[in-house]
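Novice: Sequence:
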Amino acid sequence: MNASSRFLDRKRKILEQLDAPDEVYHDLSPKGSVDLPIRALIRDINRLDGLVTTSSCSGRISAFLEGSKRAEASLPEPQETTIAGPGGKGGGGLWLFISHDAISMPEDGASSSFMSDFGLRKCDSADGRAQVSSRYIHLKFEPMILHILTASLEDSQRVLTAALGSGFRESGAVSLTAKNGELNPMVAVRSTGYSFDAIIGYRDDAGNNIALVDEAYLHTLVDIANARFKINTERIARFQASLVQQYIPQPDSGANSQKPEWEDVEVRKQRKREEGLARQRALRENPNGTETSDVDMSISHNIAPTGIFDS
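The sequence shown lines up with residues 1 to 311 when you count with the UniProt record's numbering.
It should be emphasised that the hints constitute simulated quantities derived from the structure, not laboratory data.
Here a beta-carbon is modelled for each residue, glycine too, at the ideal position from N, C-alpha and C.
You may find that some hints are simply not true.
[Said to hold, decoys possible] The following label-pair restraints were derived from C-beta to C-beta distances: (1) E234 with V132: 36 to 42 Å; (2) I199 with R43: 48 to 54 Å; (3) M105 with S175: 41 to 47 Å; (4) I103 with E154: 28 to 34 Å; (5) K13 with V132: 43 to 49 Å; (6) I248 with Y136: 44 to 50 Å; (7) L176 with I199: 35 to 41 Å; (8) L15 with S104: 32 to 38 Å.
Work out the full structure: start from the sequences and follow the hints.
Specialist: Laid out in structure tokens, this is it:
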């Protein structure tokens, strides 16, 4: 099955971008480049005929400040060094912390510093209470998500089979109807079942990020996120192996094998009778009761061999 010219053109352009240096490469993901933990996966996908990745995230733990509420949208916001990209929810949302790998935990007896890592300040008596209208700070874990452009319905089905079987249960496909006579479904490989989102702080009127939880609670959340990173890594490995397997040419099992011909009941009875008579003759010719090696005990009657001992 030949991929459409539209698909081949898009794949060529995307692969040209992937070959570019990191400082100039940009895809449709919030980060704009391929995360290190899934570069081997992206490479394997893009080597397959009929597939090309358009955006990706290997999975991440992040501290995220909500964008301005509707009533505050017209107010000026303090400038931040890290501005949320397309993945930032709401106007002016900010990434305060992002990691695409499990976070290193302090050694036994050492204190953690997640409060400062996530850009938070401990709450004191002078701080006002958070309001419903406050901009909250979330600690999130999000599993891998991939968007894969496919050349055909058959290719999209192969991706979905590998994804669903590897634990990415919320995967699905869009663009399943032909556009300009060409059908190029887009498959999203994803799983939301083991993501989490916890509010850990808020931004006050002075622009300070105030913690709503203590260091011990943050430590627990990071432990949970790290455990889910492990699950995420295992599922990515299963998906990678399964998808590559989908594209390995399967041998035609029927090309060189023959099924035994059907045998009529009466014919089988006659064959068995003649085989029995042959055994009796062999025993008469060999009084010791042992069959000679040169006696052919089979009567074929055009029956196909079983193939068990055939060379």
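Novice: Take the hints in turn and mark each one as holding or not.
Specialist: So, going through the hints one by one against the coordinates:
{"no.": "1", "hint": "E234 with V132: 36 to 42 Å", "result": "39 Å, holds"}
{"no.": "2", "hint": "I199 with R43: 48 to 54 Å", "result": "38 Å, violated"}
{"no.": "3", "hint": "M105 with S175: 41 to 47 Å", "result": "43 Å, holds"}
{"no.": "4", "hint": "I103 with E154: 28 to 34 Å", "result": "41 Å, violated"}
{"no.": "5", "hint": "K13 with V132: 43 to 49 Å", "result": "46 Å, holds"}
{"no.": "6", "hint": "I248 with Y136: 44 to 50 Å", "result": "48 Å, holds"}
{"no.": "7", "hint": "L176 with I199: 35 to 41 Å", "result": "38 Å, holds"}
{"no.": "8", "hint": "L15 with S104: 32 to 38 Å", "result": "34 Å, holds"}
Figure legend: structure checked against the earlier numbered hints; hints not met, in rising order: 2, 4.
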